[in-house]
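Chain P is fixed; fit chains X, U and Y with the ligands onto it per the hints.
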Amino acid sequence: MTAYQQPLPPAAELEDSVLLQMYYQMLRARRLDERMWVLHRQGKVAFHISGIGQEGTQIGAAFALRKGYDWVYPYYRDISLVLTLGMTPRMLMLGLFGKKEAVSSGGRQMPEHFSYRPSKLVTISSPVGTQIAQAPGTAFASKIKGSDEVTVVCFGEGTTSQGDFHEGLNWASIHKLPVIFLCQNNQYAISEPMSVEMAVKSVADRAKGYNMVGVKVDGNDVLAVYDVMREAVARARKGEGPTLVEGFTYRPVPHSSDDDDRTYRSREEVESWKKKDPILRFEKLLYERKLLDDAKKTEIEAGIMDEVNDATDYAMRAPYPAAEECLYPVYGPLP
Amino acid sequence: MTAYQQPLPPAAELEDSVLLQMYYQMLRARRLDERMWVLHRQGKVAFHISGIGQEGTQIGAAFALRKGYDWVYPYYRDISLVLTLGMTPRMLMLGLFGKKEAVSSGGRQMPEHFSYRPSKLVTISSPVGTQIAQAPGTAFASKIKGSDEVTVVCFGEGTTSQGDFHEGLNWASIHKLPVIFLCQNNQYAISEPMSVEMAVKSVADRAKGYNMVGVKVDGNDVLAVYDVMREAVARARKGEGPTLVEGFTYRPVPHSSDDDDRTYRSREEVESWKKKDPILRFEKLLYERKLLDDAKKTEIEAGIMDEVNDATDYAMRAPYPAAEECLYPVYGPLP
Amino acid sequence: MTVKSIIEAIHDTILEEMRRDPTIIITGEDIGKRGGVFRATQGLYDEFGPMRVIDSPLSELSIIGTGIGMAINGLHPICEIQFADFIFPAFNQIVNEAARIRYRSNGAYTCPMVIRAPYGGGIGGGLYHSQSVEAYFAHVPGLYVLAPSTPYDAKGLLRTALRTPDPVLFLEHKKTYRLVKGEVPDEDYLVPIGKANVVRAGDDLTVISYGLMLHETLKAAEIVGREGISVEVIDLRTLHPLDKETILASVAKTSKVLTVHEDNLTGGLGAEISAIIASEGFEDLDAPIRRYAGPDIPGVPFSPPMQDFFMPNAAKIANQIRDLAAY
Amino acid sequence: MTVKSIIEAIHDTILEEMRRDPTIIITGEDIGKRGGVFRATQGLYDEFGPMRVIDSPLSELSIIGTGIGMAINGLHPICEIQFADFIFPAFNQIVNEAARIRYRSNGAYTCPMVIRAPYGGGIGGGLYHSQSVEAYFAHVPGLYVLAPSTPYDAKGLLRTALRTPDPVLFLEHKKTYRLVKGEVPDEDYLVPIGKANVVRAGDDLTVISYGLMLHETLKAAEIVGREGISVEVIDLRTLHPLDKETILASVAKTSKVLTVHEDNLTGGLGAEISAIIASEGFEDLDAPIRRYAGPDIPGVPFSPPMQDFFMPNAAKIANQIRDLAAY
Ligand SMILES: Cc1ncc(C[n+]2csc(CCOP(=O)(O)OP(=O)(O)O)c2C)c(N)n1
Ligand SMILES: Cc1ncc(C[n+]2csc(CCOP(=O)(O)OP(=O)(O)O)c2C)c(N)n1
Ligand SMILES: [Mg+2]
Ligand SMILES: [Mg+2]
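Chains as they are written, first to last, in my numbering: chain P, 1 to 335; chain X, 1 to 335; chain U, 1 to 327; chain Y, 1 to 327.
Hints are computed from structural coordinates only; laboratory data are not their basis.
Over 12 Å on every C-beta distance to chain Y, these chain X residues come out as not near it, computed from the model:
| no. | residue |
| --- | --- |
| 1 | Arg35 |
| 2 | Glu240 |
| 3 | Gly303 |
| 4 | Pro333 |
No more than 20 Å apart at the CA atoms, straight line, and that leaves these computed lysine to aspartate or glutamate pairs for EDC-like:
| no. | chain 1 | residue 1 | chain 2 | residue 2 |
| --- | --- | --- | --- | --- |
| 5 | P | Lys201 | X | Asp205 |
| 6 | X | Lys208 | P | Asp205 |
| 7 | Y | Lys33 | X | Asp261 |
| 8 | U | Lys33 | P | Asp259 |
| 9 | X | Lys145 | U | Glu47 |
| 10 | Y | Lys244 | U | Asp296 |
| 11 | X | Lys145 | U | Glu17 |
| 12 | Y | Lys33 | X | Asp259 |
| 13 | U | Lys33 | P | Asp261 |
| 14 | X | Lys143 | U | Glu47 |
| 15 | Y | Lys316 | X | Glu325 |
| 16 | U | Lys33 | P | Glu268 |
| 17 | X | Lys145 | U | Asp21 |
| 18 | X | Lys275 | X | Asp261 |
| 19 | P | Lys201 | X | Glu240 |
Just so it is clear, CB atoms sit at the ideal spot from N, CA and C, and this is done for glycine as well.
Just chain P, same shape as in the assembly:
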């Protein structure tokens, strides 16, 4: 796929090639993610946490950013986001297996704990929410340096209950920092529905407590997310302050490979949301616009499966780190 140049126009004016790139990114992330589930079911890997269903929100956001220029604090479901911003299927597969060559952490962290400095994807941890208090600092540094970099930080709706969320949004709004808080609201925090996580009906409502712009958008509509993010990014870049964006979506798979979601939600609910799948939806649009047909789709799928197979094979063959590597790096050189 050829590269595109930022800034891009609003969704209605996007070139066909860009729309097709969006589609490709969504589909590639989906197929890679599915393969990861398969590898888990085959007992080949120990753990997987998935981004399936959230590709609409993530790809919409990714295309609104200047790749490698803007800072991104991803979260563990951001497979399609990090792939779009420069990580490769091999990198992610290496991480899944905990292989030495895995760029995120060289096998130190669990899978899907993304980090990739060339893409300014900042290292994340498992305790949820910590990144929300950090991102404003990164945005503040951009401001101090006089750079128009924007910082995006991702998290789920359950995570908005953490103190870190409150304190991060407070900082960002006080200093009008160029940071976008992207909440991927998949309606569950593991087993807990929104009703036991918060009293507001929409995460975007939380922005009001900070005098911040809060926008709720259909997270399964990649172009709608793109437009909302595009505006938020433009505002941030111009120094007009932060935005809380809520991409409303669904997680059609269990929380992680350790979860059994039948204990807390009905199969009917899951099936009904599967019909609203962001990829199906976008595919329909592309068919309607005649950008895609069955032949073209088969071709794209084939290319993607090659990538997925390559990544899988590569990662499976790649060596583990040596045991003693675990001892480093704890500290850098002292002055």
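Coordinates of chains X, U and Y with the ligands only, in the frame set by chain P:
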């Protein structure tokens, strides 16, 4: 002063005797507080943190509560609140000197770290905000027990930046708990004005992020606060959920005896707010309504000064704890 | 007597204690319908309903904060932290608040609560699902820290904790949950807080451990036993406050000590144990006090070879024992 | 050379380093116009303005969180925690985040930052303005913990900290701020991280301490010196990682050791020091390793008699020394 019975009617219908009790409580707290500053200036005590200027908010709140029935998490400025709810000037003076008999902590804690179980005043610490995450638990327990106790928790506006604030309001709103968050907005957190603490113009706006009722009231108008609190308490008691009340007021004295407020605000600003003093204002009203005249005022002042002198003398003469008492109580009996 | 796993023993104790004492409630993430990510609360929601089995928002600070507020108002809450790694947002509420309520109010208020937290590595959890957090809390006066290693102790200690008028941090090694099984009496019994257990008697040296490592230590003792080294093994059970008497009595008998834990070496539990012995059991010592522990790195890595390198195990402990025995 | 107090040395170092290095910024509560509640940042706001001297909201978690985010993006932040007692809301950000960023990203990201925190008792601060928090952090791989006791070391160590590519917790004993004065060179110099200082040579026994207690120890050494007991005194300066070499060399020389700190005994720094010596210096020891510390209670009480009882001082340390010397 004779005791009053809760529930009391709205401010407009309050009996004269109750209004005079309010006045007495405000004035007594003020005089006691002033004496504490004097003792500090005389080098007789090491530290004082004051409630001067906030009597309107505190007394308005106190009269809306069922004394000894409702739970209260005070904060360090709540001198008039805790006096109204059952602590005595002697108790507070003993605490100021760190004497053995001091009920709050037997001299373990710094002055103004109130605790008095007979009045259901819950022990507080110095790290600000922790009580905001605890109060919903106390209210939850009332609900579980089927009691219509209400819990009130006090704090300053600066403290609303802490994660504890967010998490406490989140719990309370999710479970519609009988708890009232009483923010005493004196416009400064030590030296920091509201503009560096938050991006909202009013703390009450923060309630929106929790789908909670938020009310801003003139904290120097004791009756206005009383009415707002009275309604909040009634709602809570009926199981209709929590309220965030913001009493907008001012701190005309330094943050504490360690502070020098000339480094961060003008004398003009302080003087202009001194003119809005809640006691002066209430006094004027009582004069207008002919509930108070100079003779009556002199009499009340004299009675109060007796109390203040008695408390001072008593506390000064009272013994310190024995050194070894510091070793207890760490744990209770094991089963 | 029934044979149970540790997770079963914990589950059953919570259930029975909640039936016995209506002031006990439980709160935490996913403990309701989901029954907890480790199933410790399975079925409780159905029996006790949402007023006693409370799915908390995703916020550890307020899981503990709310628990404190409940304890103040007459309840005895159990607060579940989903993984011990996630207890740090609540550090202030535990250390500055729960542990000090009795002291700072001069006894007027107390804070009876049990904080349950699955801890420990060896399960592929990487940096943030493997931590041993005991040392941070074994430094906090006013807080008990317990870490059972058997179903019997898990039940007896949890029951004691739920009848104790002070905050208790109850650490459950998640790798032992289903791995370790044992007999559990059907009748009511308590295991005392503050008492270690000499689980194997021996003469040549003493190994002091707890949790998963206790089991690795027992295996190691078995191995070296066949080589003629007689090892006494102490299971601490209570990590704070430590049972000095049992520790010192064993040192008086064997004159050599090794401490074993999974937490990193520096500032770990082995330090306090060593210090007690070096001060109060010095004259009984015939050899340096050895500590064997996880390396001083910021967590247990995910990748299998690195995780294996990190985790102490029977073979490595056996080597440490041989070494010390030969001193 | 100029004679300065510790607070002056710290103030001047921040000022000079901020002039030298434009990536250094400082944030915390009341550090702007107010110049900090201890005046450590007096005048800085006027010189550097609100983009480099940033009054933070009242929220420690995000003082550190923001600092981490800044460090990620090329700055070297100084984060001031107004009192060490209030560092716990930020515990998660320090322990789970700052200290692990290098490790978890396999070196791709680093987190250079200095967290300054006034700690310690004896100033009438009661439970929550007197705490010694070092032990919690001296257990965290990836984090340096420094605690200077003189203006010279305060300056040299703070300067080193501000040139170190990893997070540093810089603990300043608030009672020493104005009490302790000393000569400070005008030229640029560094005091190395990880090196203890033998501040007094002696033969009979070694006392190891830091912060305010170092000064009480020196007074005690003076007192017992007149009685003929020759005391070697070590000022740790770096509390994590500890300077084993200096400690063990001194033990090899004197054969007797006493550790002194104000933090409560159990799980305090004395434990790790004792454990190191009991393991690696055992053969040099002629006496039990003694620890002298604050009692195991939940904080330094406010009331003067109780505060005095809590705080170790020269007279009490002298007694401990006499006792150990007589062993
Ligand atoms: C501080 C912390 N507490 C608990 C967990 C365990 N946990 C992992 S993901 C998760 C749910 C997160 O929900 P949400 O924020 O909605 O994100 P989602 O997984 O739904 O995308 C929980 C409770 C954690 N990782 N960190
Ligand atoms: C966690 C914590 N951080 C810092 C402090 C130091 N401190 C004491 S009071 C205060 C300001 C509080 O401001 P606000 O909440 O507005 O209450 P006010 O004192 O104005 O009534 C600060 C920063 C503290 N006590 N606790
Ligand atoms: Mg979610
Ligand atoms: Mg204020």
